[in-house]
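Student: Chain by chain, the residues run as shown.
4 protein chains.
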Amino acid sequence: MSNNLLKGKKGIIFGALDEKSIAWKVAERAKEEGAKFTLTNTLPSIRFGKIGELAKDCDTIVIPANATVVEDLENLVEKSMDFLGGKVDFILHSIGMSLNVRKKRVYNDLDYNYLGETLDISAISFHKLLQVANKMDAINEWGSVIALSYIAAQRTLFGYNDMADAKALLESIARSFGYIYGRDKKIRVNTISQSPTPTTAGSGIKDLVGLMDFTGRMSPLGNATAVECADYCLMMFSDFTRKVTMQNLFHDGGFSAMGMSSSAMHQYEKGIVSKDC
Amino acid sequence: MSNNLLKGKKGIIFGALDEKSIAWKVAERAKEEGAKFTLTNTLPSIRFGKIGELAKDCDTIVIPANATVVEDLENLVEKSMDFLGGKVDFILHSIGMSLNVRKKRVYNDLDYNYLGETLDISAISFHKLLQVANKMDAINEWGSVIALSYIAAQRTLFGYNDMADAKALLESIARSFGYIYGRDKKIRVNTISQSPTPTTAGSGIKDLVGLMDFTGRMSPLGNATAVECADYCLMMFSDFTRKVTMQNLFHDGGFSAMGMSSSAMHQYEKGIVSKDC
Amino acid sequence: MSNNLLKGKKGIIFGALDEKSIAWKVAERAKEEGAKFTLTNTLPSIRFGKIGELAKDCDTIVIPANATVVEDLENLVEKSMDFLGGKVDFILHSIGMSLNVRKKRVYNDLDYNYLGETLDISAISFHKLLQVANKMDAINEWGSVIALSYIAAQRTLFGYNDMADAKALLESIARSFGYIYGRDKKIRVNTISQSPTPTTAGSGIKDLVGLMDFTGRMSPLGNATAVECADYCLMMFSDFTRKVTMQNLFHDGGFSAMGMSSSAMHQYEKGIVSKDC
Amino acid sequence: MSNNLLKGKKGIIFGALDEKSIAWKVAERAKEEGAKFTLTNTLPSIRFGKIGELAKDCDTIVIPANATVVEDLENLVEKSMDFLGGKVDFILHSIGMSLNVRKKRVYNDLDYNYLGETLDISAISFHKLLQVANKMDAINEWGSVIALSYIAAQRTLFGYNDMADAKALLESIARSFGYIYGRDKKIRVNTISQSPTPTTAGSGIKDLVGLMDFTGRMSPLGNATAVECADYCLMMFSDFTRKVTMQNLFHDGGFSAMGMSSSAMHQYEKGIVSKDC
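Chains as they are written, first to last, in the working numbering: chain A, 292 to 568; chain B, 292 to 568; chain C, 292 to 568; chain D, 292 to 568.
Hint data in this document are derived by calculation from the structure and do not stem from the laboratory. You may find that some hints are simply not true.
Identical chains share a label here; the pair holds if one copy fits it or two copies do between them.
Heads up, simulated DSBU-like pairs for lysine-lysine below, C-alpha to C-alpha not over 35 Å straight-line [what the hints assert, rightly or not]:
no.	residue 1	residue 2
1	Lys378	Lys395
2	Lys395	Lys298
3	Lys322	Lys395
4	Lys341	Lys378
5	Lys426	Lys561
6	Lys561	Lys378
7	Lys322	Lys298
8	Lys561	Lys341
9	Lys394	Lys561
10	Lys378	Lys298
11	Lys561	Lys477
12	Lys298	Lys394
13	Lys322	Lys561
14	Lys561	Lys327
15	Lys477	Lys298
16	Lys395	Lys327
17	Lys395	Lys476
18	Lys561	Lys370
19	Lys347	Lys561
20	Lys394	Lys322
21	Lys394	Lys327
22	Lys561	Lys298
23	Lys370	Lys327
24	Lys476	Lys298
25	Lys395	Lys477
Work out the full structure: start from the sequences and follow the hints.
Tutor: See the structure below:
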């Protein structure tokens with residue numbers, strides 16, 4: 292069933308790899324709600340994943356782009372406007388990667404070239420995208436841009452490493468550019484801070500299974516799933532949220548507002564007791 | 292045009308006085324989006340305002356209730372379920388009043404009976420409503436409850452007086468009860484922190500015209516209007532936001548994330564220069 | 292060893308019950324650092340606890356006061372200025388009590404008379420104290436007022452009940468009055484948000500032992516103790532912090548900035564595994 | 292007069308340029324409070340400024356270092372431990388620079404090489420410092436590290452440009468490394484978010500005079516000065532604050548907790564009226 296929430300709207304969706312990706316779910320749901328959009332990812336991700344299938348299902352094309360390369364973004368925006376027949380109304384940025392995490396460099400032994408790449412890929416790419424789109428005047432008035440973030444930007448999680456710093460930078464860029472885009476073109480820029488999600492990329496979070504058990508029990512509504520996140524993104528792309536900008540919006544079943552739940556405490560206390568097993 | 296966003300949903304809307312009220316706009320828009328609901332306000336407000344007209348336009352009834360009186364809330368919930376034919380899916384709490392403000396008692400000369408009333412009317416009423424609804428099992432699973440708040444809960448504004456403390460208490464109640472309602476019944480509870488709005492009630496904010504000039508210039512998207520706030524409420528009542536709970540959501544054109552805009556600074560500097568006039 | 296940090300300063304300390312009280316430690320340390328002060332508590336607490344011993348050790352007097360009664364506060368302030376020979380430089384508010392917690396009324400079955408008392412004792416008493424002190428012009432310029440708070444004001448903890456709302460209200464009052472006191476008299480007002488502490492009063496926190504195990508493992512520096520909190524209070528009373536006001540300052544070993552630590556996760560995962568025991 | 296607050300403590304102070312620098316004031320006050328420390332800055336800053344005079348007054352040496360170069364930091368730490376006769380107890384990081392600001396590249400026309408430098412100089416240098424110090428085991432248990440920040444990390448200010456993003460990244464690094472340093476060595480890491488300050492470096496803030504008039508009027512205690520900030524740093528270096536870590540501490544006369552003051556509103560309204568001049 293559709294509410295035609297995005298009827299007539301056009302967009303660009305970054306970061307769909309496979310059917311576990313949040314971006315994948317956003318694409319599927321955006322189509323159901325009446326949107327037209329292009330898809331993009333890096334060439335290796337396009338080859339490694341299944342984005343071609345998604346494009347087919349959504350009657351659209353995949354435009355390869357390395358989001359850290361300004362020229363690639365210019366090409367993406369131009370080709371997207373060609374394909375869609377004009378400016379876009381929404382953009383989803385769902386990109387993050389840390390070589391320090393991949394190469395198991397811990398936070399007090401970072402490789403600074405890797406750190407530079409983490410920040411460039413996971414945060415500065417968002418600035419580049421916004422700057423390119425702004426220079427090319429590629430977003431319609433009252434358009435909406437979303438980047439996906441994580442609570443590690445506010446609270447340290449063991450093992451999330453330099454991705455925490457990247458997410459903090461990403462959220463700052465959303466605020467900084469949100470001011471300019473709002474003032475000049477009535478376009479809103481926000482981040483959505485999503486529950487830990489078992490995507491292929493999310494597997495970089497240390498102890499993801501244990502962490503999701505904890506956050507699920509802490510969150511009164513449980514962890515938010517990828518498809519629920521997609522619905523929230525659509526709402527932020529729709530005309531129902533025109534005056535929300537420069538915000539970081541927690542979509543996490545309540546986790547961010549919890550200090551301790553009965554369910555998590557119960558589980559935790561079994562851990563204390565289990566010392567005596 | 293409607294997206295049928297609330298098709299089949301039932302609700303209760305507190306606080307519509309006249310067509311300037313945010314609650315009035317929520318009612319109008321909720322009807323357009325397919326919802327059925329009852330309206331409520333205090334008897335004096337019903338007489339003083341025009342809620343009867345709104346009820347007629349929305350094919351519904353007005354059930355008088357003093358939101359500080361548990362019995363009134365019980366009667367409201369019971370009558371609402373009778374009229375609507377079952378449990379509700381959403382509730383809007385838009386209630387606030389300070390006798391200290393009305394009687395011009397400044398914050399360092401509060402009357403403590405008045406303060407008690409401010410907190411009871413503007414914040415504790417929300418707890419009473421939630422507790423009554425919970426005991427009567429009056430809200431469907433995945434229902435959504437919203438209370439309207441203001442940034443004075445986080446940042447002090449000259450003249451907003453004890454209403455700031457009431458809003459802080461209101462937001463805390465939303466979190467505290469949100470945990471229980473989420474855990475036990477998958478119901479979400481949030482507050483929306485709205486731009487200063489020239490409602491009849493909002494006129495209690497000191498220097499409202501000057502303040503709105505300032506917040507409008509500070510906010511890259513300008514102040515959010517009552518009808519825009521209504522749309523945001525609908526989105527939070529819809530199924531697109533099921534995993535958002537215990538949050539305070541700023542709906543303010545970006546004001547909360549601004550330190551200083553070029554537009555507001557420009558206006559402000561004229562004030563500095565004007566000393567030399 | 293003393294740094295004479297409060298040499299020549301005068302104050303009033305609320306809330307010392309026995310040697311486990313944070314207020315007790317503040318008094319002991321304040322004396323070591325050169326301060327003169329009076330002590331106060333309610334008559335039942337004076338009888339039940341050992342505040343008389345503390346007064347003897349600190350060469351001072353105990354002035355009974357029910358902090359919810361304006362006349363008692365007036366008497367306290369007057370007697371304190373008499374005893375100390377002039378206006379005070381610092382005040383510590385360390386007061387909190389919930390009959391709902393004591394009588395085991397859960398948060399979705401609150402007694403509203405009890406709630407009124409919780410707010411009056413734990414939060415509004417702070418406003419009354421500040422209003423009385425302001426009207427009596429009882430605090431010197433660049434004086435400092437501290438109230439003790441808890442992270443439940445921001446994040447819900449199972450079982451902390453209506454004390455969470457009281458702490459949110461308390462922190463709001465600190466901001467609201469901090470504006471006026473700063474503007475008019477250069478006096479600062481802050482709250483310190485302390486780790487869970489095994490005081491006699493703190494025992495109201497549900498599952499305190501388990502919770503402290505969790506917060507201790509989450510906090511990279513461990514839970515902050517009562518005497519460490521006392522030292523932080525002294526610093527906030529000293530002249531080294533004159534421009535800090537309207538803040539809520541976390542004194543919690545880092546807990547508030549943590550999402551998940553390796554130590555807490557390790558303990559938690561034992562709880563998961565223990566299902567299979 | 293001295294409280295011997297840092298008696299016997301050793302440290303490293305980054306960023307003193309001239310007597311307007313906050314780091315300069317920290318050095319002067321740290322000496323008065325009994326500390327021994329080394330000073331450091333880049334070679335150009337050493338030549339351009341007067342740090343040699345400061346070193347003479349403080350009986351210490353200047354060790355040149357480019358804080359973005361790991362080898363320079365290693366040399367600095369080694370030489371400092373040699374000069375001071377052992378590990379240090381405190382470090383002040385007061386470093387920030389944006390070529391985008393200097394070259395008048397606005398935020399929607401950033402040069403990405405400049406952005407890389409802004410982040411490296413103003414934020415990543417802090418990680419490099421902490422990583423080097425950690426690997427060289429250069430900080431004593433219960434040591435304290437402070438970096439200076441600004442509210443632009445949370446709220447966008449016109450013209451502050453990519454320095455806002457750098458400060459957000461800096462604060463995130465403080466949290467991320469604060470976890471590790473706290474857990475492993477009982478060392479605390481915090482940022483102090485200072486009022487706009489008319490230092491030579493601070494002159495990069497657009498419209499600084501107008502902004503300081505605004506923030507001064509908004510802040511109930513007025514803008515915090517450099518020497519007041521120095522005192523707050525000392526407090527955070529002292530043993531009175533051992534359990535405070537991973538925090539961003541506002542030292543701003545109350546600005547961060549203000550929505551609107553009567554004084555700023557008064558000034559602002561003159562700007563509105565002045566249109567009619």
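Student: Now tell me, hint by hint, if it's right for this structure.
Tutor: Results for each hint:
1. Lys378 <-> Lys395: Answer is between: at 29 Å across copies they meet the 35 Å cutoff, but 42 Å inside does not.
2. Lys395 <-> Lys298: Neither, since 45 Å and 41 Å both go past 35 Å.
3. Lys322 <-> Lys395: neither (38 Å within a copy, 42 Å between copies)
4. Lys341 <-> Lys378: Close inside one copy (27 Å), not across copies (44 Å); limit 35 Å.
5. Lys426 <-> Lys561: between (57 Å within a copy, 32 Å between copies)
6. Lys561 <-> Lys378: Classified as neither: same-chain Cα gap 56 Å, cross-chain 38 Å, threshold 35 Å.
7. Lys322 <-> Lys298: Cα proximity of Lys322 and Lys298: in one copy and across copies (9 Å, 21 Å).
8. Lys561 <-> Lys341: neither (42 Å within a copy, 37 Å between copies)
9. Lys394 <-> Lys561: both (34 Å within a copy, 27 Å between copies)
10. Lys378 <-> Lys298: both (15 Å within a copy, 31 Å between copies)
11. Lys561 <-> Lys477: Only across copies: Lys561 and Lys477 sit 26 Å apart there, 52 Å inside one copy, limit 35 Å.
12. Lys298 <-> Lys394: Neither, since 44 Å and 44 Å both go past 35 Å.
13. Lys322 <-> Lys561: Neither: 46 Å inside a copy, 44 Å across copies.
14. Lys561 <-> Lys327: neither (50 Å within a copy, 47 Å between copies)
15. Lys477 <-> Lys298: both (20 Å within a copy, 30 Å between copies)
16. Lys395 <-> Lys327: The answer is neither: 40 Å in one copy and 38 Å across copies each exceed 35 Å.
17. Lys395 <-> Lys476: between (43 Å within a copy, 22 Å between copies)
18. Lys561 <-> Lys370: The answer is neither: 56 Å in one copy and 46 Å across copies each exceed 35 Å.
19. Lys347 <-> Lys561: Classified as neither; 49 Å inside a copy, 46 Å across copies.
20. Lys394 <-> Lys322: For Lys394 and Lys322, the Cα distance exceeds 35 Å both inside one copy (37 Å) and across copies (44 Å).
21. Lys394 <-> Lys327: The answer is neither: 38 Å in one copy and 40 Å across copies each exceed 35 Å.
22. Lys561 <-> Lys298: Answer is neither: 51 Å inside a copy and 45 Å across each miss the 35 Å cutoff.
23. Lys370 <-> Lys327: Close inside one copy (14 Å), not across copies (45 Å); limit 35 Å.
24. Lys476 <-> Lys298: Both ways: Lys476 and Lys298 sit 21 Å apart in one copy and 33 Å across, limit 35 Å.
25. Lys395 <-> Lys477: Between. Shortest inter-copy distance 24 Å satisfies the 35 Å Cα cut-off; intra-copy 43 Å does not.
The structure is inconsistent with the numbered hints 2, 3, 6, 8, 12, 13, 14, 16, 18, 19, 20, 21, 22, although it conforms to all the rest.
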